[in-house]
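S.K.: If you read the protein sequences in the order shown, they are chains A and B. Going by my numbering, the first sequence opens with residue 2, and the numbers climb by one from there. Going by my numbering, the second sequence opens with residue 6, and the numbers climb by one from there.
The hints are simulated quantities; they were obtained by calculation from the structure and are not laboratory data. Quantities reported herein were computed from a predicted structural model and do not represent experimental measurements. Be a bit skeptical, because a hint or two may be false.
Among the chain A residues that face chain B by a calculated CB cut under 10 Å, a handful are [unchecked claim]: (1) Ser-36; (2) Thr-76; (3) Lys-382; (4) Thr-391; (5) Ser-402; (6) Asn-414.
In silico BS3-like links for lysine-lysine, alpha-carbon gap of 27 Å or less [stated by the list, open to error]: (7) A/Lys-382 x B/Lys-321; (8) A/Lys-382 x B/Lys-432; (9) B/Lys-431 x B/Lys-87; (10) B/Lys-41 x A/Lys-68; (11) B/Lys-58 x B/Lys-100; (12) B/Lys-402 x B/Lys-417; (13) A/Lys-357 x B/Lys-321; (14) A/Lys-383 x B/Lys-53; (15) A/Lys-427 x B/Lys-315; (16) B/Lys-194 x B/Lys-134; (17) A/Lys-383 x B/Lys-321; (18) A/Lys-68 x A/Lys-200.
All C-beta atoms in this analysis are idealised placements derived from N, C-alpha and C, irrespective of residue type, glycine included.
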Amino acid sequence: MSELEVGIIGQVVNQEYKYGFSTNIEMEMAPKGLSEDIVRFISAKKNEPKWMLEWRLKAYRYWLTLKEPTWQNFTYPKINYQDIYFYAAPKEKIKLDNLDQVDPELLKTFEKLGISLLEQKRLTGVAVDAVFDSVSIATTFKDQLKEKGVIFCSISEALQEYPELVKKYIGSVVPQTDNYFAALNSAVFSDGSFVYIPKGVRCPMELSTYFRINAENTGQFERTLIIADEGSYVSYLEGCTAPMRDENQLHAAVVELVAMEKAEIKYSTVQNWYPGDKEGKGGIYNFVTKRGSCEGAYSKISWTQVETGSAITWKYPSCILKGDHSIGEFFSVAVTNNHQVADTGTKMIHIGKNTKSRIVSKGISAGKSHNTYRGLVKINKKASGARNHTQCDSMLLGDRSGAHTFPYIEIGNKTAQVEHEASTSKIGEDQIFYCNQRGIGTEEAIGLIVNGFCREVLNQLPMEFAVEAQKLLAVSLEGSVG
Amino acid sequence: MTLTERIQTDFKLYATQAEKDSFFEQRQQAFETFEKLGFPTTHNEEWKYTNMKAITAGAFENTCIPSTKNNNYQASVFSGIKANHLVFVNGSFNKDLSVFIEPDSAIIITNIAAARKQHADLFNKHFGKYAHTETVALNALNLALLSDGAFVYIPAGKKLQDPLVILNFIDSGDLNVWVQPRNLIIVDKGADITLVESYESRGEHPSYINVVSEIFVDENAHVEHYKVQQQTNESYHTNYTQFFQQSNTSINQVTLTLDGKMVRNNLHFYMNGTNCNDLLYGLHISEKQNLVDNHTRVDHAQPNCFSDEKYKGILKDQSVAVFNGKIMVHQDAQKTNAYQRNQNILLSDEASVYTKPQLEIFADDVKCTHGATIGQLDEEPMFYLRSRGIPENEARKMLLNAFADEISERIKIPELVTLLENEIEKKL
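Start from the sequences and build out the full structure, keeping to the hints where you can.
M.R.: Below you can see the structure in the form of structure tokens.
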């Protein structure tokens, strides 16, 4: 390795996390630890209907019977679930009608994060739901959306105002009994977003949620439920940050998407939780269950993710292609640095006839980090005419990093056409030389190459996020990738 | 008595009769390891799609006696080849059927039981050193209760003139048979060997064969290795082959799985030196409710090595194919080039394929790719042939032959190519 490269990687390693501040705000917390009483407490706090409490308790009791999974390609210290606050909320008594009533401290926090709610409201035309620790604090553009019949609110609010919709769909894609972390989330989830797009409506604006963990020793367990009724369309974005803390914090969210006939959901994530310091101390454990179900014919679900943060990212946004002719897509860029770990990928379950799926995954590992792609493509016996194309490319920066690929391909129908290709490489010296020769500095050249490497995925992001994602990539790998 | 119970009694019997030397201790330890690990189940990630229940619950006899029925061992396709033959019937060495034509007396071709006594130094230096027993239950089982097998030593700079064929007959004409062969091949510096391992079944009763082969390849040596599995619809086969290579070695390995109720191949390469060059190819044609499971692992532990892997499968009826290929590039293995491909053609609606091409890379200056495809025969070439007056059946055969060609052209023994061609002709 040349000296220049050592310098560059040194700079990458030294890059600081810029969202690492915490906000001093009065918090209301449930006692530490997890028990049936805590589940009851959370449910009571949110004034939930009785069936919801029962639903949570069922999940909690099931969770007690489970063991933490061990098949993943990394290890993490055992989480002490009795040492976590499962409920933390800014002290807020009155229900908010508009942003003026929001605690100015909170608004300042969001401004620092670059998502000034007021500004967003005026300028960009993106409806934002902001979740601070466990509670949704503000949702913009509610009225305009209401005119179209679109419901966009926090899930606690939805439980009060549209309980029958929530009851019908919650747990329909990710049941309480799905896995260890989904069961935990089902028992203690505090808030999250709820979206319902009525028949034939094309949602007039991008919907967006911003998640922020603030309080110490808390876990964030939000639950997002998006339902796109027949022929509707919605594009949904989420972003996340957290302050710098020495302990690891757990984030175990569940996202469920339901697409009816001819509906389309586009779900984009820019994940930038605190990744820990350069010795690998602290950081968020991002253990998330995300799944979408293409219920109707000709429906489509598209996942796009840019993963740059978290000490450990462990998630597989998946599509269940039930409807005939339905389409599932997964586009991912995962960047890991220092001691970060990413074990991510997708599952495409083909059940309906003539279903299609496409997977594009780009992994970049620098420092001592490890990046794993793990994906499943399953074609059921009856899913004739199914088609899948998977491409996963890894790029290695630094000789102590690792890139791994574990694709599972299970085919039960002869008419299936499935292709998988993967490659691993470092940036070619000839490519850098080519750029140098034309007067482009090495740093800039690496920037160009990495951007080109990820472009296929970044192009999928909505405008507002594409810019942010590009900036994030630049920040995460500054020095080495411009 | 199930196999699990049979193993217990067999080992007890062996323990009372055996000489209590270091070899016994080694086997005793292996038996304890096996007891601890047990047969792999589908909860084990490596055995997710391959269920051993039919074997473990089945009743098998550990016998070396061939059946009373007339089983023509000479009918093997390999009998006619000009080669050295080492013949084992139900795991025991058959001197009468074996043929040695190698003129160089420095080359040792014998069986394990004899080698342990006559070539103790060589044997002790290499035996059991490469195929892991601590974590692999079936290897431990093989070590504990091995029957016999081939022992080959090619001294430095020597070349085996004609191929060596290790013929394993599993004869279950009278009763259910359980056999555990074990091979040790030592190829010294600059030596050269062409080796065929053949597994053939005779008889209608179920049989289970659990093979472990260790092949040590010293600097500058070259190995051609073919594995041919022609068993019956009642035979189960698990196989673990470990190559351990030093610098500047090259290996050409081809695995042909033509028949068998359940075949599980574990093929491992460990490149312990620089500039190694490995080619590994495989082809299987499976039918009925048979299962073929190929697990391969290539460990690039040192820089500047190359590996190319291609596994192909043609599936008929309700057959199942599993492929799990792992390329492991260790931290020091810079400048590694590794390629891996798995292609499958499904001819039936009820056949299934589970494939998992894996890369694990810990070095940054590498070029690694892998790919997998699964589908039917292409419609376009089919149409091309049909429109030129070739009947559908013929056209299909031509296309499948072309598909298999990529593997068969790697085979340097003409008789083996003919065998493969006949097999394709017969099955399709």
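S.K.: Does each hint fit the structure? Answer for all of them.
M.R.: Against the structure, the hints come out as follows:
no., hint, result
1, Ser-36, "violated, 31 Å"
2, Thr-76, "violated, 16 Å"
3, Lys-382, "holds, 8 Å"
4, Thr-391, "holds, 9 Å"
5, Ser-402, "holds, 7 Å"
6, Asn-414, "holds, 7 Å"
7, A/Lys-382 x B/Lys-321, "holds, 15 Å"
8, A/Lys-382 x B/Lys-432, "holds, 24 Å"
9, B/Lys-431 x B/Lys-87, "holds, 25 Å"
10, B/Lys-41 x A/Lys-68, "holds, 22 Å"
11, B/Lys-58 x B/Lys-100, "violated, 35 Å"
12, B/Lys-402 x B/Lys-417, "holds, 23 Å"
13, A/Lys-357 x B/Lys-321, "holds, 25 Å"
14, A/Lys-383 x B/Lys-53, "holds, 22 Å"
15, A/Lys-427 x B/Lys-315, "holds, 24 Å"
16, B/Lys-194 x B/Lys-134, "holds, 18 Å"
17, A/Lys-383 x B/Lys-321, "holds, 17 Å"
18, A/Lys-68 x A/Lys-200, "violated, 41 Å"
Violation of the numbered hints given earlier is confined to hints 1, 2, 11, 18; the remaining hints are satisfied by the structure.
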